[in-house]
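Take the given structure of chain A and dock chain B to it, following the hints.
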Amino acid sequence: MTEKTLQIRKLPPCRAACPAHVNVQAYVALIQRGKFKEAVEVIRKDLPFPAICGRVCFSPCEDACARVNLDQAVAIRALKRLVADIEREQGRVIAQPVPKKYSEKVAIIGGGPAGLTAAYELAKLGYPVTVFERMDEPGGMMRYCIPDFRLEKFVVANEIAYIKDLGVEIKTGVEFGRDITLESLKNEGYKAIFIAIGTQVGMKLNVPGEDLEGVINAVDFLRAIALGKKIVIGEKVAVIGGGNTAIDAARTAKKHGAKEVMILYRRSREEMPALPHEVELAEKDGIKFYFLVTPKQIIGENGKVKAVECLRMRLGEPDESGRRRPIPIAFSEHQYEVDMVIPALGQLVETSVLPPGLLSKEKRGPPLQVDPLTLETNIPGVFAGGDVATGPASIIEAVAAGKRAAVSIHRYLRGEDLRKDREEAIEETTWVKDWRLLEKKERRYESPIEKPHLSFEEARAYLEKLKRQARFEAFRCLGCGPCAECLASMDLCEGDKAVVDEGKCVGCNVCVVVCPVGAIKKNEKGVAQVNEDVCKGCGLCAARCPEQAISMKKLSNEQILDMVLTALAR
Amino acid sequence: MSSNPPRIICFMCNWAFCEEEMCIPYNVDVIRVMCVGRMDPALVLETFLKGAEGVMLVGCKPPDCHFVDGNLHAERAVKMLKKLLVLAGLEPERLKLMLISPLEDRDFGQYAKEFSEEVWRLRDSPLKREDIIINLTAAKEATSAFRLRVLLGREEELTEFMNAYGEKIPEEEFNALLDDIVKAEFIRYKIHYLTRIKPRSVKELAQILGIKPSAVLRHITNMRRKGMIALDRVEGYTPLYKALEVR
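Protein chains in written order, with our numbering: chain A, 132 to 701; chain B, 22 to 268.
Here chain B stands alone, though its shape is the one from the complex:
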């Protein structure tokens, strides 16, 4: 446990609390956004990367969102972000979504204090460690990429209404799908990040990532098809891959 209270960034819905009434702890910074659902997942991870030890998202309790269901969008994003944080080796408790009814008697300050104590209780911030930074960067890039965002944006449509083929996807099935895709995208962007530093072989990547070389190769095949990665050179019998500029 470090001696200083953790630096916490709180993204707060414009409509949730009245600014004048809040007593905000010193270590917490409140940034007002139009709706808590407006928070780009990539932006949340970027905030961690920039040094925040905890991120709070404060919105309104369903069903009272000023934008109908912005708070539910935030819920979905946080669900995905927590998965990514686990993959990145960061405690998912560092990210918290709070949907608070304005009629509640508790003050925002109390929530903020509780959260910062929770974060404080976690072990020292691992945010300085290089591997975590690599992981977080990979996670951030994954959330700014097409596949995850499409899935996130479509979740409601797919699970509660129908897809283009008139099928409704059960929630568990969707979650399993999301798990797979989050994992795959995370690994791909980590590979992308690692090969950006220098060209690497499948074996080396498998070692760093801690997965089977065959799995790495499968990802690389996929990434080559998408134009994310290319063969750099062959050293002896080992092909080395290098990341391409995406977009």
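The shape of chain A in the complex, shown without the other chains:
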């Protein structure tokens, strides 16, 4: 048996939590120094959608932030949005097209976040990439499913324009399975294909009365609104489901004239997959929530929806998703009078467009089976990823899939081993393990820039004021990673490390106490030892070591003294 080589990456918790591993610590550090432009550049290294993710990402980074233990997480998403907005404010950034280094053409099917990210990454590597999109505009769910009040269309267009600048060709109005097939693409000379068509079909309720007039699936509803189609919105609307799509559909309905909007969800509020602040905003919009109810049938009159009949539920044991399973209570039928029902139960892959050879034989599980590590399908040269492989997920997860696919395609086209060194274990470097010192302090300020859904115009008025506050917010970052790798020209920051002169050390323990990071431990000989992975090079130990046994590699006392002398000689 060959031994697997696991790459171990040491990342701060925010970066480890991000599916796309965006270098959070770096751009936060740059914002802290007022380098907003560089911050966006750092984000763009890992993520082509800073402004989009700054608005609608579910920010796992903030959930992981170590600052939570002290007061509250750094408002990472708001910072990201701010720098992206500042950049846009100064005019759209036009990227330099990347010269085509390679001749192998790559086709990407689906212009959503996964496809666009793969195109972005491959274009950066120097491949000629073509994205095929069925709709008139690229952007996928970002454009057609997230309502305008959460994510403005021009923001999406702007980010996609940046990808186009790099030299990616986007062909819209081309449907996979109808206009193009795997064979036709191969014949046209595409050497690798990435299928990222997402999940486009809304899941059905499977209750009687679903075909009545006035029942429209949330995805279709949102898409119709985004396309500007005229649809009749009822006076009283029931949205069924508890995800972000449900919230979006409910809020959209309300904003488009529905008098009363209710959300029916079969579990309780704690189990809702929607983001808490989205739920709050929906409540502010006047949307009513009914928990622990599930529709049993939709009652119609003259072919139109008249009411939904629901059953009450109670929560049972947790299921495989960790949430408590709802169990219907017998004879608890009751009705809500509505004239429109929007089921938002999730989405499914449109299997009809996929070539049958790709579909998995098994009934259960995703219809398209791919290698989770390399995103290969069973046809060589064809890769698939994003929602199509995982089921409906988030933008940032799609971005991660796109990046993964880009690496695989690059390796495939270069004839390299697809699997080699891919599997990596991520080790979190939450240095702040010892909260002893931190418990004393309390949070005193509300994060000033956390205004999640200001429109761009509204935010513009704040930008100047926010810049300063953003720096303050960024300042709260504890910098859990040993080095942010922000690549800013910070001479001081380049991985300074403490070094112990073992001959001088007397084991007095002062450095162990002083080190804010817990990087110094005494070994069995009683001599201090620096864990270089954790050391942040602050130099506090060097300033306190009673025997002056600790010195810094880069900025030693002698060097500071030299700087003093040169300054005084001026």
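Rather than coming from a laboratory, the hints here were simulated on the basis of the structure. Owing to the predicted nature of the structure, the values given are computational and were not obtained by experimental measurement. Honestly, I wouldn't trust all of these hints.
As the list claims (entries may be wrong) - Result set (BS3-like, lysine-lysine): computed pairs, CA atoms no more than 25 angstroms apart in a straight line:
#1 A:K386 with A:K437
#2 A:K684 with B:K71
#3 A:K437 with A:K284
#4 B:K103 with B:K82
#5 B:K189 with A:K653
#6 A:K635 with B:K247
#7 A:K652 with B:K189
#8 A:K685 with B:K71
#9 B:K82 with A:K598
What follows is chain B alone, placed relative to chain A:
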């Protein structure tokens, strides 16, 4: 008041101000360090010795230190350094620690200007005087020695948590202790410095230091035990002491 503005060295935390935004007065030199707590106390005194007329330490306002409590470490060091400056006969106002929140509207330049005016208002720099140089050197050596540094490094542990015997030392008690030790260490290193120049007697040292001969003798006994000083020769009935190389 001298005609030229005083030369001021400012040690600034890497995270405190953005370089591009600062307007720095001509007489001030900014040296960036990783954290204001990183400043070795000996280094601060050395800066005075090299001719700086004022030293500014700029860090971040608690509780926002990039290194959790580096700014508090700096506060403690400055407290001790000011004591030493007084002992050395230098105005403690020449050293200033500023912990500034990055959200404050004032510019660094204003702080720097204020400080240099403060220093300017003090009488002429005594830094050229020989006795002050001796004092400062003694103070610098005291801060690079074991005892003061251990005390400094342990202050938080001792006053806010517990020592090895499970006792918590009240702040006032610690300050009194610190006062005593700073004074004693300063005198010992001054004795060390003076005897380094030439062997001296207890009486002579007492005269220079302005303290009782018995106190000097007590220090010398202590220093002999630590190997800092040794008997050089006896002139008549008077023993003369000479400094030994430390470490």
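A quick look at each hint next to the structure:
no., hint, verdict
1, A:K386 with A:K437, "holds, 22 angstroms"
2, A:K684 with B:K71, "holds, 24 angstroms"
3, A:K437 with A:K284, "violated, 35 angstroms"
4, B:K103 with B:K82, "holds, 20 angstroms"
5, B:K189 with A:K653, "holds, 24 angstroms"
6, A:K635 with B:K247, "holds, 17 angstroms"
7, A:K652 with B:K189, "holds, 24 angstroms"
8, A:K685 with B:K71, "holds, 22 angstroms"
9, B:K82 with A:K598, "holds, 19 angstroms"
Going through the hint list in order, the structure does not satisfy hint 3, though it satisfies all others.
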